[in-house]
Amino acid sequence: MFELLGIAPQALFGQLLLGLINGAFYAMLSLGLAVIFGMLNVINFTHGAQYMMGAFAAWLMLTMLDIPFWAALVLAPLIVGLFGVVIEKLLLKRIYHLDHLYGFLLTFGMALVIEGLFQWKWGSSGAPYPSPIAGGWNLGFMYLPKYRGFVVVAALAICLVTWYAIERTRLGGYLRAATENPTLVRAFGINVPRLITLTYGLGVALAALAGVLAAPIQQVSALMGTNLVLVVFAVVVIGGMGSIMGSIVTGFGLGIVEGLTKVFYPPASNTVIFVVMAIVLLIKPAGLFGQTK
Amino acid sequence: MISQRNIGLLLLAVALVAPWFAYPVFLMTALCFALFACAFNLLLGYAGLMSFGHAMFFGISAYFFGHTVKAWGLPPELGILAGVAGAAVLGLLTGALAIRRQGIYFAMITLAFAQMVYFICVQAPFTHGEDGLQGIVRQPLLFGLIPTKDDRVLYYVVLAIFLFGYGVIYRVIHSPFGQVLKAIRDNEQRALSLGYEADRYKLLAFVLSAALSGLAGATKAMVLQFATLTDVSSAMSGEVVLMALVGGLGTIIGPVVGAFVIVTMQNYLAYLGEFVLVIQGAIFVVIVMAFRKGLVGELGEWLKRRRTQS
Numbered sequence: 001m002f003e004l005l006g007i008a009p010q011a012l013f014g015q016l017l018l019g020l021i022n023g024a025f026y027a028m029l030s031l032g033l034a035v036i037f038g039m040l041n042v043i044n045f046t047h048g049a050q051y052m053m054g055a056f057a058a059w060l061m062l063t064m065l066d067i068p069f070w071a072a073l074v075l076a077p078l079i080v081g082l083f084g085v086v087i088e089k090l091l092l093k094r095i096y097h098l099d100h101l102y103g104f105l106l107t108f109g110m111a112l113v114i115e116g117l118f119q120w121k122w123g124s125s126g127a128p129y130p131s132p133i134a135g136g137w138n139l140g141f142m143y144l145p146k147y148r149g150f151v152v153v154a155a156l157a158i159c160l161v162t163w164y165a166i167e168r169t170r171l172g173g174y175l176r177a178a179t180e181n182p183t184l185v186r187a188f189g190i191n192v193p194r195l196i197t198l199t200y201g202l203g204v205a206l207a208a209l210a211g212v213l214a215a216p217i218q219q220v221s222a223l224m225g226t227n228l229v230l231v232v233f234a235v236v237v238i239g240g241m242g243s244i245m246g247s248i249v250t251g252f253g254l255g256i257v258e259g260l261t262k263v264f265y266p267p268a269s270n271t272v273i274f275v276v277m278a279i280v281l282l283i284k285p286a287g288l289f290g291q292t293k
Numbered sequence: 294m295i296s297q298r299n300i301g302l303l304l305l306a307v308a309l310v311a312p313w314f315a316y317p318v319f320l321m322t323a324l325c326f327a328l329f330a331c332a333f334n335l336l337l338g339y340a341g342l343m344s345f346g347h348a349m350f351f352g353i354s355a356y357f358f359g360h361t362v363k364a365w366g367l368p369p370e371l372g373i374l375a376g377v378a379g380a381a382v383l384g385l386l387t388g389a390l391a392i393r394r395q396g397i398y399f400a401m402i403t404l405a406f407a408q409m410v411y412f413i414c415v416q417a418p419f420t421h422g423e424d425g426l427q428g429i430v431r432q433p434l435l436f437g438l439i440p441t442k443d444d445r446v447l448y449y450v451v452l453a454i455f456l457f458g459y460g461v462i463y464r465v466i467h468s469p470f471g472q473v474l475k476a477i478r479d480n481e482q483r484a485l486s487l488g489y490e491a492d493r494y495k496l497l498a499f500v501l502s503a504a505l506s507g508l509a510g511a512t513k514a515m516v517l518q519f520a521t522l523t524d525v526s527s528a529m530s531g532e533v534v535l536m537a538l539v540g541g542l543g544t545i546i547g548p549v550v551g552a553f554v555i556v557t558m559q560n561y562l563a564y565l566g567e568f569v570l571v572i573q574g575a576i577f578v579v580i581v582m583a584f585r586k587g588l589v590g591e592l593g594e595w596l597k598r599r600r601t602q603s
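Heads up: the protein sequence lines correspond to chains A and B, in order. No gaps in the numbering here: position 33 of the first sequence is 33 in our numbering, and each next residue is one more. No gaps in the numbering here: position 166 of the second sequence is 459 in our numbering, and each next residue is one more.
Check the hints yourself; a few may be wrong.
To be verified - Distance condition first, Cα-Cα at most 25 Å in a straight line; then the derived SDA-like pairs of lysine to any residue: (1) B:K586 to A:R94; (2) B:K442 to B:Q518; (3) A:K121 to B:T523.
Note that these hints are calculated values from the structure, not bench results.
Next comes chain A alone, as it looks inside the complex (with noise of 0.2 Å):
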């Protein structure tokens, strides 16, 4: 009785949980991004590699000191947003007043240096990371495996709590103010090179619990984030950078859209989401969120 033209449910539904989880990465990696963007004008190129970063953290955190996931969960953001603020402190912090392209130059030339170093000391065939949550459930329709419920849900949790941090928070407005207009903030007393620090260091930590929660259920590989971050970029192109719930919204959307074609037409599953971004820069070149500036 429930047949869809012709596709099975069990096909159609496990490919939407599948777009759903994939949607639930691409809003978190593209809400970091946004974030970043709106505060230091840097395309973070190093997206993909910190997001690994954060997978590979928690996997040689499980193997070499037997720390389990939920530790790692917390452990492996701290760490890796850290290592963030290193690199802000150290590089990026010196060229915000040069033109866009040399933060996306700059954080290009890093990635390769993270992923190169990770590629050569650990080879580029992945490794297993065990689920942390055992079993599933049977939906009747489908069978849902309770470590995807769980990722689903919580980086749906994460983005909301992430959106209410920056829009309805007293810290969060000091950073829309401050990306509005930094000297009059500074004026009123508020560290702005402080404030911007943490941005970096938070939406690094984002990308690196994104990976963490990624670990169990894709290979922990040095390129895991490589050909991610491409795809994250398109998805901030099709949402434009301007509104945080509109980043969230594109990432979920765009994900299942992706599952969707992997049901209905398999060979344009890899090229659909660049193919809904030329439609959006034919219609709405500003993106579905965003404002021209």
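Following the hints, position chain B against chain A.
Quick look at chain B alone, frame taken from chain A:
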């Protein structure tokens, strides 16, 4: 007297005798990448548009060349034409969309389109996926007049192609069209208010740059006799940015110097394997932090300073 003209003549003389002192295939590879980097620099240095997806033009042209020569058995001249035409059409399609956004978005959009082309090349039958097109046999050029099996003969063909491409770029930069491009780069609003349709100029520059990158890609496929996924990968897009950056953006000879430096480095450090990427990344970081003008740019600055002091 050190004048630009004399330096040019000296370099040309060096280029003419070079295959007797260095390995011709290495020189030809370097020339192909030099042309590629010059084409990229035409866009960034003179139109202010940074494409981070130029490998799509280089790579698609290499595939078109390989397919025309290997699968259809047509002469290599037609292969090069097919490659250049393919790259130009791809440039027209992606460029028309990409120029709708500016600055950093432009870089991200070109990067995304290049990734799309990469995925298409992974799946399309004519590229042979992971294997790529291997063993594209070198055919004699100009109805059999020029035998290309000999590396040194082919070297002069490649040198001629490079000089042709370089000449086109030189003419474009020094033409009224090039002046308008620079005006748009420096102040798009003012150029618009003077009645120049900025988008048409940008698109034309983009297509030109794509076609010349295609020329470089097809020539590379002819020399090395293969076209693979590496040619369309984002790593290749990054490499050409690096070459232009090392040599000096916005200088006409800079990308050539940068290409020779990077190709030489890859040649000598090949035994390091993937670690070369780490070194390339480190070069990116060092250049952005300390030598933003690149080798040629910094040298020119130094010469200028010396002249004003004396």
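How the hints compare with the structure:
At roughly 16 Å between alpha-carbon atoms, K586 of chain B and R94 of chain A fall within 25 Å of each other, so this suggested pair holds. At roughly 11 Å between alpha-carbon atoms, K442 of chain B and Q518 of chain B fall within 25 Å of each other, so this suggested pair holds. For the given pair, K121 of chain A sits about 23 Å from T523 of chain B by alpha-carbon distance, which is consistent with the 25 Å threshold.
Checked against the numbered hints above, the structure violates none of them.
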